[in-house]
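With the hints as constraints, model all of the structure from the sequences given.
Protein chains: 2
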Amino acid sequence: MYIPTFDDVKVARERVTPYIHKTPVLTSTFMNKLTGAELFFKCENFQKAGAFKVRGASNAVFGLSDEMAAKGVATHSSGNHALSLSYAAGRRGIPCHVVMPRTAPQAKKDAVIGYGGIITECEPSTSSREAVFAEVQAATGADFVHPYNDPRVIAGQATCSLELLEQVGDLDAIVAPIGGGGMISGTCLAMSNVAPEVSIYAAEPLNADDAARSFRAGHIIADDAPETVADGLKVPLKDLTWHFVSNHVTDIFTATEEEIIDAMKLIWKRMKIVMEPSSAVPLATILKNKDVFAGKRVGVIVTGGNVDLDSLPWMDK
Amino acid sequence: MYIPTFDDVKVARERVTPYIHKTPVLTSTFMNKLTGAELFFKCENFQKAGAFKVRGASNAVFGLSDEMAAKGVATHSSGNHALSLSYAAGRRGIPCHVVMPRTAPQAKKDAVIGYGGIITECEPSTSSREAVFAEVQAATGADFVHPYNDPRVIAGQATCSLELLEQVGDLDAIVAPIGGGGMISGTCLAMSNVAPEVSIYAAEPLNADDAARSFRAGHIIADDAPETVADGLKVPLKDLTWHFVSNHVTDIFTATEEEIIDAMKLIWKRMKIVMEPSSAVPLATILKNKDVFAGKRVGVIVTGGNVDLDSLPWMDK
Chain A
1 MYIPTFDDVK VARERVTPYI HKTPVLTSTF MNKLTGAELF FKCENFQKAG AFKVRGASNA
61 VFGLSDEMAA KGVATHSSGN HALSLSYAAG RRGIPCHVVM PRTAPQAKKD AVIGYGGIIT
121 ECEPSTSSRE AVFAEVQAAT GADFVHPYND PRVIAGQATC SLELLEQVGD LDAIVAPIGG
181 GGMISGTCLA MSNVAPEVSI YAAEPLNADD AARSFRAGHI IADDAPETVA DGLKVPLKDL
241 TWHFVSNHVT DIFTATEEEI IDAMKLIWKR MKIVMEPSSA VPLATILKNK DVFAGKRVGV
301 IVTGGNVDLD SLPWMDK
Chain B
1 MYIPTFDDVK VARERVTPYI HKTPVLTSTF MNKLTGAELF FKCENFQKAG AFKVRGASNA
61 VFGLSDEMAA KGVATHSSGN HALSLSYAAG RRGIPCHVVM PRTAPQAKKD AVIGYGGIIT
121 ECEPSTSSRE AVFAEVQAAT GADFVHPYND PRVIAGQATC SLELLEQVGD LDAIVAPIGG
181 GGMISGTCLA MSNVAPEVSI YAAEPLNADD AARSFRAGHI IADDAPETVA DGLKVPLKDL
241 TWHFVSNHVT DIFTATEEEI IDAMKLIWKR MKIVMEPSSA VPLATILKNK DVFAGKRVGV
301 IVTGGNVDLD SLPWMDK
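Protein chains in written order, with this note's numbering: chain A, 1 to 317; chain B, 1 to 317.
Treat the hints with care, since some could be wrong.
DEER-style ranges, computed between Cβ atoms [said to hold, decoys possible]:
1. Lys-10(B) <-> Lys-33(A): 27 to 35 Å
2. Asp-66(B) <-> Ser-311(A): 48 to 56 Å
3. Thr-140(B) <-> Thr-256(A): 45 to 53 Å
4. Ser-311(A) <-> Val-168(B): 29 to 37 Å
5. Ala-294(B) <-> Pro-18(A): 24 to 32 Å
6. Pro-226(B) <-> Phe-30(A): 29 to 37 Å
7. Thr-126(B) <-> Phe-30(A): 28 to 36 Å
8. Ala-222(A) <-> Thr-27(B): 38 to 46 Å
9. Ala-217(A) <-> Glu-121(B): 19 to 27 Å
10. Ala-217(A) <-> Ala-104(B): 50 to 58 Å
11. Glu-166(A) <-> His-219(B): 52 to 60 Å
12. Phe-30(A) <-> Ala-294(B): 38 to 46 Å
Bear in mind the hints are in silico, worked out from the structure with no lab data behind them.
Beta carbons are placed, not taken as given, at the ideal position from N, Cα and C, and that holds for glycine.
Here it is as structure tokens:
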């Protein structure tokens with residue numbers, strides 16, 4: 001297991017800068033009054049391909065040798081990582097293979113195709129996915145870019161909090177959502193090197209609280225297919241992200257489905273930005289733990305904005 | 001009729017700056033490819049009180065003498081102007097009286113109260129509104145701030161395009177929605193003085209196309225209660241705004257309800273911002289008149305972001 005270093009982050013920063021946005025940081029008098037903290041929202045919903053994942057994906061794609069790159073890249077995520085990898089591969093002019101269940105929503109397939117990804121369908125089972133993915137890799141020689149348990153991806157995600165810190169100056173804490181732990185690991189990697197005094201809090205849906213339970217237990221606990229509206233946060237920690245979470249995270253807070261949806265709607269209403277349920281989990285946990293954050297300068301990572309506008313979660317309530 | 005001058009705009013700029021946001025300008029590779037133009041979205045949906053109207057309202061409120069101000073301000077709008085005037089009055093610490101029909105949606109009443117406005121209810125008829133408004137004015141001596149046909153308001157709105165031009169440099173055209181014509185008049189006032197080469201296009205719902213018909217006829221045509229999803233654009237031109245529209249506007253384009261809703265959804269989806277149906281009318285008209293805008297640098301005024309998240313227009317389609 002290769003653990004990425006701060007040198008890797010510096011290389012990633014240089015490498016990805018031409019292909020990504022320096023996303024804005026928004027503040028809100030309303031949110032500050034509501035929480036008692038001073039919040040700085042790092043808006044990765046405005047990022048290329050609509051999510052922070054393009055940072056790690058671009059670092060992986062543009063770090064390949066020409067020989068490796070010619071064979072393309074591959075993944076079996078069907079979420080923001082697939083869009084981001086397709087985007088980055090498109091910018092380099094190489095193929096991106098995405099293995100997706102044939103039962104996946106057409107909108108998700110269209111989004112991948114829209115960013116130039118090449119879809120190979122599998123049956124909706126882990127065994128079929130793994131078999132089809134192995135076939136694609138064997139046929140193409142494409143480089144597998146894991147959505148989070150990959151040092152190149154973590155070094156790329158680390159550029160987000162680095163940028164945030166430069167934009168706002170000192171921070172007391174950063175709160176980011178946790179699923180597989182790619183963003184949190186990148187945040188730990190960056191902050192432990194440039195601002196070790198910054199506390200790092202992970203925010204997780206209570207319905208998919210495997211990271212919180214892992215954190216308390218001291219070892220990885222992986223759940224099987226948890227159900228939550230924050231669909232980017234269902235995946236479990238892996239060895240590389242567990243390394244960062246177990247060594248650098250201050251605490252992991254959870255929020256219920258209702259708290260997540262309420263926080264999401266509140267951000268849309270007051271801050272006028274479109275962001276995913278996953279991105280609302282940090283605010284939901286800050287509102288539940290006001291004493292932890294009161295009077296502090298807190299960075300909040302708004303991880304992405306790819307949401308189905310025809311099926312907003314408060315419409316089902 | 002006093003027609004505001006560019007000196008009034010310069011005074012307004014100084015006066016309102018402490019109370020409003022310098023809103024960001026967003027660009028989108030996707031939107032540029034789609035339209036063939038280079039679009040600069042001036043995001044007044046991120047403005048204080050959620051709309052550009054706070055510019056004109058603040059100019060009116062902070063331009064009052066202390067003696068006048070002590071009596072407060074009043075309006076009978078129940079939309080963004082009421083929120084903006086309430087906000088500005090709150091910042092000055094003076095009362096803002098808002099006459100609203102008792103049948104107005106509770107959400108609108110709550111929003112006005114949330115910004116500190118004092119509501120006096122009337123019956124849902126023009127005669128009752130006028131009678132109740134006259135009573136409120138007689139009882140309080142509050143200064144009436146019209147939502148658009150007021151030189152102070154127009155001079156305030158003019159600061160928006162002035163700011164946009166400073167942010168992006170040269171422009172070939174600016175497209176803004178037209179209802180009563182306050183924003184368009186301010187844009188004409190600013191551009192005719194600092195950049196007369198900029199073409200100014202007004203964008204209007206076909207269902208409420210009284211401004212377009214006025215423009216062709218050469219005199220004001222006022223419709224009675226048109227129905228459109230762009231509910232900020234139902235009101236007719238008045239003498240002061242007609243002066244600017246008839247003298248400085250290059251053309252007025254219209255869009256159907258479906259075109260407006262599609263453009264709104266497209267902006268939410270691709271640009272990740274929450275904005276009102278009214279604010280989508282410019283993009284809808286640009287998409288219909290690509291030949292006019294192709295290859296040009298075009299400012300697009302995103303006028304506001306106050307929308308009912310429980311009742312989005314594409315949900316009814």
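Status of the hints after comparison with the structure:
1. Lys-10(B) <-> Lys-33(A): 27 to 35 Å: Given a distance of about 33 Å, which is inside 27 to 35 Å, the answer is holds.
2. Asp-66(B) <-> Ser-311(A): 48 to 56 Å: holds (53 Å)
3. Thr-140(B) <-> Thr-256(A): 45 to 53 Å: Roughly 47 Å apart at Cβ, these two residues keep to the hinted range, so it holds.
4. Ser-311(A) <-> Val-168(B): 29 to 37 Å: Holds: the Cβ-Cβ distance is about 36 Å, inside 29 to 37 Å.
5. Ala-294(B) <-> Pro-18(A): 24 to 32 Å: holds (27 Å)
6. Pro-226(B) <-> Phe-30(A): 29 to 37 Å: holds (33 Å)
7. Thr-126(B) <-> Phe-30(A): 28 to 36 Å: holds (35 Å)
8. Ala-222(A) <-> Thr-27(B): 38 to 46 Å: This hint holds: roughly 42 Å between Cβ atoms.
9. Ala-217(A) <-> Glu-121(B): 19 to 27 Å: violated (59 Å)
10. Ala-217(A) <-> Ala-104(B): 50 to 58 Å: Holds, since Ala-217(A) and Ala-104(B) (Cβ atoms, about 55 Å apart) stay within the stated range.
11. Glu-166(A) <-> His-219(B): 52 to 60 Å: Holds: the Cβ-Cβ distance is about 56 Å, inside 52 to 60 Å.
12. Phe-30(A) <-> Ala-294(B): 38 to 46 Å: Holds, since Phe-30(A) and Ala-294(B) (Cβ atoms, about 40 Å apart) stay within the stated range.
Of the numbered hints stated above, the single one contradicted by the structure is hint 9.
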